[in-house]
Amino acid sequence: MKICFTAQGETLESPAEDRFGRAPYFIVVESEDGSFEAIKNPYADGGGGVGPRAAQVLIENNVKALVSGQVGGNAKEVLAAAGIAMYTYKAGGTVKDAFDQFTKNTLVRS
Amino acid sequence: MKLAIASGKGGTGKSMVAANLAYTLSLTEPVTLVDCDVEEPNLHLFFPAAATTTDVTVPVPVIDEFACKHCRKCEDFCQFGALTVLESRVLFFPELCHSCGGCTLVCPKGAAIHEEQKRIGTVSISTPLPNLKLISGMLDTGIPHAVPIIRTAKKLASGDPLVICDTAPGTSCPVVETLDGCDACILVTESTPFGLHDLRLAVDVAARLGVPIGIVINRSDGKDQATLAFCTDHDLEVMMTIPFEREIAAIQSRGDLLCRIRPEWQKAFAALFIKCSALSGGD
Numbered sequence: 001m002k003i004c005f006t007a008q009g010e011t012l013e014s015p016a017e018d019r020f021g022r023a024p025y026f027i028v029v030e031s032e033d034g035s036f037e038a039i040k041n042p043y044a045d046g047g048g049g050v051g052p053r054a055a056q057v058l059i060e061n062n063v064k065a066l067v068s069g070q071v072g073g074n075a076k077e078v079l080a081a082a083g084i085a086m087y088t089y090k091a092g093g094t095v096k097d098a099f100d101q102f103t104k105n106t107l108v109r110s
Numbered sequence: 001m002k003l004a005i006a007s008g009k010g011g012t013g014k015s016m017v018a019a020n021l022a023y024t025l026s027l028t029e030p031v032t033l034v035d036c037d038v039e040e041p042n043l044h045l046f047f048p049a050a051a052t053t054t055d056v057t058v059p060v061p062v063i064d065e066f067a068c069k070h071c072r073k074c075e076d077f078c079q080f081g082a083l084t085v086l087e088s089r090v091l092f093f094p095e096l097c098h099s100c101g102g103c104t105l106v107c108p109k110g111a112a113i114h115e116e117q118k119r120i121g122t123v124s125i126s127t128p129l130p131n132l133k134l135i136s137g138m139l140d141t142g143i144p145h146a147v148p149i150i151r152t153a154k155k156l157a158s159g160d161p162l163v164i165c166d167t168a169p170g171t172s173c174p175v176v177e178t179l180d181g182c183d184a185c186i187l188v189t190e191s192t193p194f195g196l197h198d199l200r201l202a203v204d205v206a207a208r209l210g211v212p213i214g215i216v217i218n219r220s221d222g223k224d225q226a227t228l229a230f231c232t233d234h235d236l237e238v239m240m241t242i243p244f245e246r247e248i249a250a251i252q253s254r255g256d257l258l259c260r261i262r263p264e265w266q267k268a269f270a271a272l273f274i275k276c277s278a279l280s281g282g283d
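Protein chains in written order, with the working numbering: chain A, 1 to 110; chain B, 1 to 283.
No lab work stands behind these hints, which were simulated from the structure alone. Treat the numbers as computed from the prediction; the structure is a model and nothing was measured.
When the alpha-carbon atoms are kept at most 25 Å apart in a straight line, the in silico DMTMM-like pairs for lysine to aspartate or glutamate are as follows:
| no. | chain 1 | residue 1 | chain 2 | residue 2 |
| --- | --- | --- | --- | --- |
| 1 | A | Lys76 | A | Asp100 |
| 2 | A | Lys40 | B | Glu87 |
| 3 | A | Lys76 | B | Asp64 |
| 4 | B | Lys73 | A | Glu60 |
| 5 | A | Lys64 | B | Glu87 |
| 6 | B | Lys69 | A | Glu60 |
Starting from the given sequences, assemble the full structure and let the hints guide the process.
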């Protein structure tokens, strides 16, 4: 299953990003084998309406769960309609920290 | 002649200047006063009168889910992210839509999208004084697009010989829309660091739009050196200075007009208008 983490950089050691639509990177981790891919968010500096379009990036990449600090209303509607589960992580750690918490099932589903 | 009253900073006295200027001029000629501060219109408080109110609507897309092939052409076209096409349904976010109509054009054969009108606010017209027409735009609560209301309000004044537009504070779309097409612009400021900071921004916007600028200093305590220096540097005329006086504030806060209570001020506002006419290159 593919899980997306919002991140400030391209690696698992990058700090997790609290924002969803304007996150610089989406780090998509394959939970089966721990492999990952960093996707540069094309809407990070967008003018407006970035939430739904960023959500579409996740849909296109077949993501099933999202871990982020805060997801806006419009993005949330798209993600929910697409059946992507949303979890909140805003402890200020790295993507790896967020991934560890996700696998331990300690994150709150939003 | 179409004149805009703007400021950059909020609370400097735009509406006070607009109301008193319109009142003074209406004593001798027909004036149309347009309240373009549609998120918080208040000129009607100075000029209470029965008004005729009509709805302002904008077209928004409606998707026919049975006809839709989910090809995503509409989503790809929309620069505002207002449409999200999923595998078997389309999500529409009305608050992101700018009513450009592009989605209906790119939809193959236009089969799945048609437009319906959605109300976003109102415009009201009244005649509070024999020579004064007041047009007030009002945006509905929670609607993010002020521009179509401003456009409608200005259109209702088109063709009128003398139009005074009171703008919203700030320097964003509502202000740009109001200034667009005006022959001159009064920027009302106050001699504080905040007033000067925002005046710089407002001057920049008006200059980019090619609208000639004149300055009014309001609530002056006589220590206007920084503002005066800025005006000198930018070749801007200070056309009027209104002192910081308790009595003026009291008249204003009662919803009354300085020029009605103290008619000697009419001369100053009439002179202000002559300077504005000169700015616009008119007679």
